[in-house]
Amino acid sequence: MRLLDALDIEGYAATFTEDGVTDHAHRGEKVEGRAALIAGANAALPRYAGAAVRHWNDHYVIEEVDENTLNVSYCSLVTRTDKAGNVTFEPTFFIEDVLVRVDGGLQARSRTIHRDEPSPVAIAAAAAAREGAA
Amino acid sequence: MRLLDALDIEGYAATFTEDGVTDHAHRGEKVEGRAALIAGANAALPRYAGAAVRHWNDHYVIEEVDENTLNVSYCSLVTRTDKAGNVTFEPTFFIEDVLVRVDGGLQARSRTIHRDEPSPVAIAAAAAAREGAA
Amino acid sequence: MRLLDALDIEGYAATFTEDGVTDHAHRGEKVEGRAALIAGANAALPRYAGAAVRHWNDHYVIEEVDENTLNVSYCSLVTRTDKAGNVTFEPTFFIEDVLVRVDGGLQARSRTIHRDEPSPVAIAAAAAAREGAA
Chain B
1 MRLLDALDIE GYAATFTEDG VTDHAHRGEK VEGRAALIAG ANAALPRYAG
51 AAVRHWNDHY VIEEVDENTL NVSYCSLVTR TDKAGNVTFE PTFFIEDVLV
101 RVDGGLQARS RTIHRDEPSP VAIAAAAAAR EGAA
Chain R
1 MRLLDALDIE GYAATFTEDG VTDHAHRGEK VEGRAALIAG ANAALPRYAG
51 AAVRHWNDHY VIEEVDENTL NVSYCSLVTR TDKAGNVTFE PTFFIEDVLV
101 RVDGGLQARS RTIHRDEPSP VAIAAAAAAR EGAA
Chain V
1 MRLLDALDIE GYAATFTEDG VTDHAHRGEK VEGRAALIAG ANAALPRYAG
51 AAVRHWNDHY VIEEVDENTL NVSYCSLVTR TDKAGNVTFE PTFFIEDVLV
101 RVDGGLQARS RTIHRDEPSP VAIAAAAAAR EGAA
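So the protein sequences, as listed, match chains B, R and V.
FYI, full-length UniProt numbering numbers position 132 of the first sequence as 132, with every residue one higher than the one before it.
FYI, full-length UniProt numbering numbers position 29 of the second sequence as 29, with every residue one higher than the one before it.
FYI, full-length UniProt numbering numbers position 105 of the third sequence as 105, with every residue one higher than the one before it.
Worth flagging that the hints you see were computed from the coordinates, not collected in a lab.
Be careful, since some hints might not be right.
All copies of an identical chain are treated as equivalent in the list; a pair is satisfied when it fits inside any one copy or across any two copies.
As the list claims (entries may be wrong) - Lysine to any residue pairs mimicking SDA-like chemistry, simulated, CA-CA at most 20 Å apart:
1) 30 / 40
2) 30 / 96
3) 83 / 111
4) 30 / 44
5) 83 / 26
6) 30 / 73
7) 83 / 121
8) 83 / 4
9) 83 / 113
10) 83 / 46
11) 83 / 122
12) 83 / 95
13) 30 / 126
14) 83 / 118
Excised from the complex, chain B in its bound form:
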């Protein structure tokens, strides 16, 4: 995240495997492989001219799948700080990574990004409460 937020696109891409996939599940958009990741990020660069973006992550859960594979999931709050210092917010996200060991380090084989949405459980409870009140 430090590399991404510093717009060090090559450095960020190097934290993925050569064929690493970023899946923006909430908008049905998949970026496959480092070259596509770098091309997409470079094309998006002008959008960051107005604000410094930061990702604030929390609540990592790390599960060992096998000795070379980890499933890591976490939440992310995303800020945009403009030239004047005003902070605005992107939606919050839930992220699922699959990390693999490569040459003694870890790289992301996939990163799946889900935008937070109101829970179906709560929506159903609210509907039931309205029905009960009617």
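With the hints as your guide, set chains R and V onto chain B.
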């Protein structure tokens, strides 16, 4: 927090002891025992139909009271992300947990939640400054 | 940060070396030594009468310079929570600490604070895109 924010109420309640207490100190409201915690959370579910809630914690301080008891305190920033992706904020909080070892794991015997308020020290300093200026 | 946010000024100052420096690089302001830090913080106290401030840090990178010196950098999101519970935001920051071992503990010899700004890389990309479109 992951369980609570996913509205997995039974799962969240299981992180407390059977008689675990949640004390919302800032509104003088105490929930005692897992059954009351689950009943209260279920009753509150409809309030979460409009937004996904996330707790972002930081600055944990962990103190060992004895070999089976830990005092853990931390700060919490609480976001609400609506269907359109807009993020709004609850007040910030300071939380004090008492955790106990149960069957080799940790459970909360109590969680005390304080809403952040301007400090009396700063309020007194401001009053003194006004007096000095008058 | 816990000590600073609790306005425990003496306690916070004690996390610095006697000659520790805080450099607000973004406003060209340097505070040198604990005594100046305490005096400045006390003078600023009235500004905190209206809101509880919290620093939310993330993405620590720790580099060992030698056996007694660590370079630690991280990001900080700063909230202000007023009496009514409304949360507003300071700009986000990037911080660079130099920590040294003193009597078996760590103290800050310097803390350099940079306000986040839109990246020159993104600004140049946006200018190039405008030129390309013109």
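Now the hints, each set against the structure:
Proximity of residue 30 to residue 40 under the C-alpha cut-off of 20 Å is restricted to the intra-copy arrangement: shortest distance 11 Å within a copy versus 41 Å between copies. In this assembly of identical chains, residue 30 and residue 96 lie within 20 Å of each other by CA distance solely inside one copy; the values are 14 Å within and 35 Å between copies. In this homomeric assembly, residue 83 and residue 111 never come within 20 Å of each other (Cα to Cα): the closest approach is 30 Å inside a single copy and 23 Å across copies. In this assembly of identical chains, residue 30 and residue 44 lie within 20 Å of each other by CA distance solely inside one copy; the values are 15 Å within and 37 Å between copies.
For the homomeric pair residue 83 and residue 26, the shortest alpha-carbon distance between copies (12 Å) is at most 20 Å, but the shortest distance inside one copy (29 Å) is not. Taking identical chains as interchangeable, the C-alpha atoms of residue 30 and residue 73 lie at most 20 Å apart only when both belong to the same chain, with a minimum of 18 Å there against 32 Å between chains. For a Cα distance limit of 20 Å, the shortest separation of residue 83 from residue 121 across copies, 14 Å, qualifies, whereas the shortest one inside one copy, 40 Å, does not. In this assembly of identical chains, the alpha carbons of residue 83 and residue 4 lie at most 20 Å apart only when taken from the same copy (19 Å versus 26 Å across copies).
Taking CA atoms no more than 20 Å apart as the test, residue 83 paired with residue 113 passes between copies only; the shortest distance there is 16 Å, against 28 Å inside one copy. Taking the closest pair of Cα atoms, residue 83 and residue 46 come within 20 Å of each other only inside a single copy of the chain (15 Å); across copies the shortest separation is 27 Å, beyond that limit. Taking identical chains as interchangeable, the C-alpha atoms of residue 83 and residue 122 lie at most 20 Å apart only when they sit on different chains, with a minimum of 13 Å there against 39 Å within one chain. In this assembly of identical chains, residue 83 and residue 95 lie within 20 Å of each other by CA distance solely across copies; the values are 18 Å between and 29 Å within a copy.
For a Cα distance limit of 20 Å, the shortest separation of residue 30 from residue 126 qualifies neither inside one copy, at 34 Å, nor across copies, at 24 Å. Proximity of residue 83 to residue 118 under the C-alpha cut-off of 20 Å is restricted to the inter-copy arrangement: shortest distance 6 Å between copies versus 32 Å within a copy.
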